[in-house]
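2 protein chains.
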Amino acid sequence: MLDDLDRKLLEILVRDARTSLKELAAQVGLSSPSVSERLRRLEERGVIRAFTVEIDPLALGYTLQAIVRIRPLPGKLHIVQKLIEEIAEFGECDKVTGDDCFVARLFVRSIGDLDGILDRIADKAETSTAIIKAQPIRRRPPPLGAASSPSS
Amino acid sequence: MLDDLDRKLLEILVRDARTSLKELAAQVGLSSPSVSERLRRLEERGVIRAFTVEIDPLALGYTLQAIVRIRPLPGKLHIVQKLIEEIAEFGECDKVTGDDCFVARLFVRSIGDLDGILDRIADKAETSTAIIKAQPIRRRPPPLGAASSPSS
DNA sequence: GTTTTCGGTCGAGATCGTCAAGCATTTCAG
DNA sequence: CTGAAATGCTTGACGATCTCGACCGAAAAC
Numbered sequence: 327m328l329d330d331l332d333r334k335l336l337e338i339l340v341r342d343a344r345t346s347l348k349e350l351a352a353q354v355g356l357s358s359p360s361v362s363e364r365l366r367r368l369e370e371r372g373v374i375r376a377f378t379v380e381i382d383p384l385a386l387g388y389t390l391q392a393i394v395r396i397r398p399l400p401g402k403l404h405i406v407q408k409l410i411e412e413i414a415e416f417g418e419c420d421k422v423t424g425d426d427c428f429v430a431r432l433f434v435r436s437i438g439d440l441d442g443i444l445d446r447i448a449d450k451a452e453t454s455t456a457i458i459k460a461q462p463i464r465r466r467p468p469p470l471g472a473a474s475s476p477s478s
Numbered sequence: 327m328l329d330d331l332d333r334k335l336l337e338i339l340v341r342d343a344r345t346s347l348k349e350l351a352a353q354v355g356l357s358s359p360s361v362s363e364r365l366r367r368l369e370e371r372g373v374i375r376a377f378t379v380e381i382d383p384l385a386l387g388y389t390l391q392a393i394v395r396i397r398p399l400p401g402k403l404h405i406v407q408k409l410i411e412e413i414a415e416f417g418e419c420d421k422v423t424g425d426d427c428f429v430a431r432l433f434v435r436s437i438g439d440l441d442g443i444l445d446r447i448a449d450k451a452e453t454s455t456a457i458i459k460a461q462p463i464r465r466r467p468p469p470l471g472a473a474s475s476p477s478s
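Quick mapping for you: the protein sequence lines, in order, are chains A and B.
Under the numbering used here, the letters of the first sequence match residues 327 to 478, in that order.
Under the numbering used here, the letters of the second sequence match residues 327 to 478, in that order.
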């Protein structure tokens, strides 16, 4: 479905999405119209979901991040999910198997804000919160080529 | 630190990082060199961490995602952290307060792969894994302007 | 064996980004 | 109060880049 050239293009773009077609073309050994066409199709197929910009939350005043596990009270699942979606400080939310129904990432400017936001769902769900102390791995895509070797 | 124009630029770029300077200039009411200069400084200051491309893991064959909570055995913290960083299938990892030391996102192509990867840290840490069933909120930046209203 | 399709190249025209010069406003020193 | 320097913007020209159409060759389908 993806050939080596596609993977190579993606690899370059993940590092810098503004790489020019000309530069991309040079690096994969194609002409720029070909590269353009390949990108168009990668987008069309949904392989490339979006070209975007990664913003430092700190620069926006969000000095704190937390991982919040959320277990809605019986019958409140949909209300809780909707609430989470509406609170813009949730920067990510996954619905998972197990006791905790949702696992979400929360951006806040202060501990006070954290409390304020959690209060908004406190009467509809049990939550357990873990403050993020460090980020050993920041968002990155899975391996584009073969999966990670059994290295080490 | 950031003015309205900066925020507006970021908002546009988050949606589509390839928006041309000309287009950006038109939307914020400036000339393209001014926009160019603003972007340069946003990057310089680290507000914009990177221009990147969002790839659909599914398109790469990663049909499964999991949230893994990892509690290293006594004395194994650093070894475990290094191991996590080296395993490319970990697409995100946060070091948090509380009993679970790390919370990580894992991309895998099959349940078998999941088992294989967790085995690699099984002798150095306790893990608890939750399979992701749905993603109510996919990665998004915190609010650029004022924080989320006390709505609802 | 011919035809169609697919993915590629080339070149021209249009678009876009960058640079230098210049101008207005603000800030600060004297 | 006054003048100088710094800041942030605009304009216009030049160079680089992208896009579009025409064309080509290999592989698959008929």
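Hint data in this document are derived by calculation from the structure and do not stem from the laboratory.
Hints may be right or wrong, so weigh each one.
Stated by the list, open to error - Below, a list of computed lysine-lysine pairs in the BS3-like style, where the Cα atoms sit at most 25 Å apart:
id, chain 1, residue 1, chain 2, residue 2
1, B, K348, A, K408
2, B, K408, A, K459
3, B, K408, A, K348
4, B, K459, A, K450
Quick rundown of the hints versus the structure:
{"no.": "1", "hint": "K348/B / K408/A", "verdict": "37 Å, violated"}
{"no.": "2", "hint": "K408/B / K459/A", "verdict": "17 Å, holds"}
{"no.": "3", "hint": "K408/B / K348/A", "verdict": "37 Å, violated"}
{"no.": "4", "hint": "K459/B / K450/A", "verdict": "21 Å, holds"}
In this structure, the earlier hints numbered 1, 3 are contradicted, and the remaining ones agree with it.
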